[in-house]
Every structure is written in C-alpha cells, then in structure tokens.
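Read off the chains here:
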Amino acid sequence: NAGVTQTPKFRILKIGQSMTLQCTQDMNHNYMYWYRQDPGMGLKLIYYSVGAGITDKGEVPNGYNVSRSTTEDFPLRLELAAPSQTSVYFCASSYYGEVGTQYFGPGTRLLVL
Amino acid sequence: ELKVEQNPLFLSMQEGKNYTIYCNYSTTSDRLYWYRQDPGKSLESLFVLLSNGAVKQEGRLMASLDTKARLSTLHITAAVHDLSATYFCAVDIRHNTDKLIFGTGTRLQVFP
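Sequence lines, in order, name chains A and B. Each residue of the first sequence is one higher than the one before, counting from -8 in the working numbering. Each residue of the second sequence is one higher than the one before, counting from 2 in the working numbering.
Note that these hints are calculated values from the structure, not bench results. Built from N, CA and C at the ideal position, the CB exists for glycine as well. A hint or two may mislead.
Stated by the list, open to error - Covered stretches of chain B, as calculated for chain A (at least 3 residues, CB under 8 Å):
hint	region
1	37 to 49
2	102 to 110
As the list claims (entries may be wrong) - Below, simulated EDC-like cross-link-like pairs (lysine to aspartate or glutamate); rule was C-alpha separation at most 16 Å, straight line:
hint	chain 1	residue 1	chain 2	residue 2
3	B	K42	A	D29
4	A	K35	B	E2
5	B	K100	A	E50
6	A	K35	B	D93
7	B	K4	A	E50
8	B	K100	B	E2
Use the sequences and the hints to build the structure in full.
Written out as structure tokens, the structure reads:
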C-alpha cells in the first residue's frame, strides 16, 4: 500500500491563480481530511469528508473548495490564490471503526507570491 | 471555541533527563491524540487516549489523559537525541468524525 499520496510536493502560485491539490489514499478509508500548517504552528482543519459525496467545513474553509466523488480521492481546490494561503497542506485519512488513527500524506508546500 | 494549548512551546533538554509536555484543552472531549513531526516531514501517530485515566507507553514516551482536568501529559524518560522532533496533541471535538483540533506543538531538542 502506498498509503496517502499527495501531489504536487511543491508549487509556486501567483496571486489570483487557481490550482488543485491532489490527495489519494489506497486504504479504503471512509474519512478524509485537509489541513494546513503555517510555519511554527499546529495544523488547522480546512475541510473533511466522511464518505463519497459528503463534505463539510472545518476551522478555516474560506478560499478553498473540495469534492469527493470516490472513496480514494479528495482534491482541494484553491480559487484566486492569496499570500495568506502560503502554507504546507496535509491530507489525511482514517477508517471509522479503527479508533483515532489518522494517516497523513507527505504534504504539499505552497508559496503564493 | 475549543482551544488546545501546549506547554512548553520549546524544550531543550539534555540526554538522559526526564521531562513532561502538557496539553490543556478547553471543552469536553473523549479522545486525545499525540503526534510526532520531524522537520520537513509529515505527522506520525504516537498515541490515542480514549478515556479518563488512560495511560499508554511506547519506549521512552508515556502519555496520560485526565478528562476531568482536561489535561493530557506526554512524559519523556531518559531522553535520547532521536526523540528530537515537534510533538502535537490533538483533541476530537465531535464524536465519530475524528474532527481534530491541534495544539501549537512543542519543539523538543535533545542534546548530548
């Protein structure tokens, strides 16, 4: 199993550009999450999903959109990138019933200039 | 608003010494997690604490949970350099969704 994979690893965006961060898991997990981590800080939940077709907002959803059409994939869309979205983005997944363990991807480092 | 606070934020300790990291949270929760993050890396799950009085140990690390005090501790015994990392606690704010609120982290440096 590859676990949770994210692409790209690093990206530079200009202000106002858009992009999609990809996240795929091959563990058949029903729950998936997107977090952002600003320098020297903890993680903040952006969006999460409890299954295909079901998504909900986390702590900091503004400026982002998500969709979940399959169990495996949970892309995060940034519209009109702003410097405040410069961060490291982590995708995670877990299986409800296997208490607690969230498996994290390697992260995508995003710089908005 | 749920707040999760860790202290200290930074800890520099000598090899062989013991120390405790504290995690306080501001509302009731029945799950608390500890994660480790190495510089530039992703997060690794260390412990899941599910009930009041829960204690878990792995090697030189031991975590405990007091839900009445809304406090969890991560105790380090006889620190070694390999334990140098940032440690995060996280609290599940809504049962059955694993929707976590993270603390700001404790950066641990262990020196000879």
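Each hint tested on the structure:
no.	hint	result
1	37 to 49	holds (count 6)
2	102 to 110	holds (count 5)
3	K42(B) x D29(A)	14 Å, holds
4	K35(A) x E2(B)	14 Å, holds
5	K100(B) x E50(A)	10 Å, holds
6	K35(A) x D93(B)	13 Å, holds
7	K4(B) x E50(A)	12 Å, holds
8	K100(B) x E2(B)	14 Å, holds
The structure agrees with every numbered hint stated previously.
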